[in-house]
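The listed protein sequences derive, respectively, from chains A and B.
For what it's worth, the numbering used here labels the leading residue of the first sequence as 100, then goes sequentially.
For what it's worth, the numbering used here labels the leading residue of the second sequence as 8, then goes sequentially.
Just so you know, the hints here were simulated from the structure itself, not pulled from any lab data.
Treat the hints with caution; some may be incorrect.
Stated by the list, open to error - Residues from chain B that face chain A, not an exhaustive set, calculated with beta carbons under 10 Å: (1) V23; (2) N24; (3) E25; (4) R29; (5) L39; (6) V43; (7) E44; (8) K50; (9) T51; (10) E55; (11) V62; (12) A101; (13) D111; (14) G117; (15) S123; (16) F124.
Remember, predicted model here, so these are calculated numbers, not experimental data.
Even for Gly, the Cβ is constructed at its ideal location relative to N, Cα and C.
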Amino acid sequence: MPVRIEKNKVLTTAYLSGEIDHHSSVFIREQIDECIAKLQPQELCLDFMSVSFMDSSGIGLVMGRYRLMNSFGGRVRVRGVSKQTMKVMKLAGIDLLAKIDCK
Amino acid sequence: MKANNEMRLTLESRSVNEGFARSAVSAFVAQLDPTVEEISDIKTAVSEAVTNCIVHAYKNSVDRIYIWVGIFPESVVKIRIRDRGCGIEDIKKAMAPLYTTLPDERAGLGFAVMQSFCDDIKVRSTEGKGTTVTLIKKINSR
Numbered sequence: 100m101p102v103r104i105e106k107n108k109v110l111t112t113a114y115l116s117g118e119i120d121h122h123s124s125v126f127i128r129e130q131i132d133e134c135i136a137k138l139q140p141q142e143l144c145l146d147f148m149s150v151s152f153m154d155s156s157g158i159g160l161v162m163g164r165y166r167l168m169n170s171f172g173g174r175v176r177v178r179g180v181s182k183q184t185m186k187v188m189k190l191a192g193i194d195l196l197a198k199i200d201c202k
Numbered sequence: 008m009k010a011n012n013e014m015r016l017t018l019e020s021r022s023v024n025e026g027f028a029r030s031a032v033s034a035f036v037a038q039l040d041p042t043v044e045e046i047s048d049i050k051t052a053v054s055e056a057v058t059n060c061i062v063h064a065y066k067n068s069v070d071r072i073y074i075w076v077g078i079f080p081e082s083v084v085k086i087r088i089r090d091r092g093c094g095i096e097d098i099k100k101a102m103a104p105l106y107t108t109l110p111d112e113r114a115g116l117g118f119a120v121m122q123s124f125c126d127d128i129k130v131r132s133t134e135g136k137g138t139t140v141t142l143i144k145k146i147n148s149r
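Just chain B, same shape as in the assembly (with noise of 0.2 Å):
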């Protein structure tokens, strides 16, 4: 199905840019009118899987991260964030909750949080080439 809008976004795996990640993915959501809670769950989400792409995808060196946002009828919002670093081996371990790489600073809770904080997310990786995150969520517009 093609997307009514669309956006796409390219930035470098430079820490500083998790807030302005989640807010260009928040205001271009903003335009289907969604609560404050919706708006909440959708930042916390990219921010989660934005984190993610840095600290475990590319965690010894700065790439890119590439984020597509798009619009579909009956306010249907999918978000795809994709890296190109190390892959994920197992991904039904990544996703369990509480299981980290990081246990001194990270709770191990990033896929947790999308979780539950959208209706869908689907996570395609392949070992050394790169991780494809896909959130989403219905907005259900006032």
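One chain only, chain A, in its complex shape (with noise of 0.2 Å):
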């Protein structure tokens, strides 16, 4: 599994795993929305600290999510990110629209 979550009203934690490609998010995607669209948690926390490869598919994931969440005036998250993933994300701007903790 790609992704697991853990859902909470509060915060809830969607647990990344592996390559996030444009062949894998469609599936994280899915999983996550259907969750966050049904609970609107305050905050989602999108771990990836057992991701081992993303490419700029991740970013179209962060992103969105980030979307979905502000629709409900909810706040987005994330941690656990390698210095791979960081050098993807901070091209994309990301650490400007959500807390990342690093690895």
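Each of the two chains sits in its own frame; use the hints to bring them together as a complex.
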């Protein structure tokens, strides 16, 4: 499973794992959106601790979830980001949208 | 200039092949003893180029993606990723950061990632005929 979600109305955490690319992000996106649309948590945490690779599809993943959370006043936090993933995220300026914690 | 070593790979434009494409290219480049960061850079850039072939060039069909990798003197790697898809109408516009024709799912950063993770990138495209992206990166062997 590329994503495991811990549901909570205050803080919902999505544990991502493996390689995030255009192929895997479609499924991850669907799983997260289905959960947060229903639950509308105050905060969504995207946990990248077990992510071994990410390309710009991961940017779309974070930005899209940011927009969705924003639509009902929720926040997004990103954590466990590797050096490679951070490089991709910085390129997109995601560090300006969400709080990012590195590995 | 002739390459010291080269490889070719042809694969179908199915998204499940994205991981295989970047792994295969990085495994070939491994003979230059790159750093972990250099390998990540190459994997990421290749992933972007191959994804472009799948989501843009062949958006309504499954067709072939042609990858060639050449290793040149002084550890210079050239990676050519070619498709026979729809082509790009305006390359300059397509390469601009955040420009995308698929705003709901794509960030529009594919070319920006390729540019920033490689030393040089060349894009040639003919509408209706296809696109060739060449990525160039020097490996500073340890």
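Outcome of the hint check:
1. At its closest, the beta carbon of B:V23 sits 6 Å from a beta carbon of chain A; the interface hint therefore holds under the 10 Å criterion.
2. With 10 Å as the threshold, the beta carbon of B:N24 comes within range of chain A, its nearest partner Cβ sitting at about 8 Å, so the hint holds.
3. For the restraint placing B:E25 at the interface with chain A, the shortest Cβ-Cβ distance is roughly 5 Å, inside the 10 Å limit, so the hint holds.
4. For B:R29, the shortest C-beta to C-beta distance to chain A is roughly 8 Å, which falls under 10 Å, so the interface hint holds.
5. With 10 Å as the threshold, the beta carbon of B:L39 stays out of range of chain A, its nearest partner Cβ sitting at about 18 Å, so the hint is violated.
6. Taken as an interface hint, B:V43 checks out: its beta carbon lies about 8 Å from the nearest beta carbon of chain A, inside 10 Å.
7. Interface hint at B:E44: satisfied, since its Cβ lies 7 Å from the closest Cβ of chain A, which is below the 10 Å cut-off.
8. With a cut of 10 Å, the hint placing B:K50 at the interface with chain A holds, because the nearest CB-to-CB distance is about 6 Å.
9. Among the interface hints, the one on B:T51 holds; its C-beta lies about 5 Å from the nearest C-beta in chain A, closer than the 10 Å criterion.
10. Against a cut-off of 10 Å between C-beta atoms, the interface hint on B:E55 holds, since the closest Cβ of chain A lies about 6 Å away.
11. Checking B:V62 against chain A: minimum C-beta separation of about 6 Å stays under 10 Å; hint holds.
12. The restraint placing B:A101 at the interface with chain A is violated, with a minimum CB-CB distance near 14 Å, outside the 10 Å limit.
13. A distance limit of 10 Å between C-beta atoms decides the matter here; for B:D111 the minimum to chain A is near 7 Å, and the interface restraint holds.
14. Taken as an interface hint, B:G117 checks out: its beta carbon lies about 6 Å from the nearest beta carbon of chain A, inside 10 Å.
15. This hint holds: B:S123 has a C-beta 6 Å from the nearest C-beta of chain A, less than the 10 Å allowed.
16. A least Cβ separation of about 8 Å between B:F124 and chain A falls short of the 10 Å threshold, and the interface hint therefore holds.
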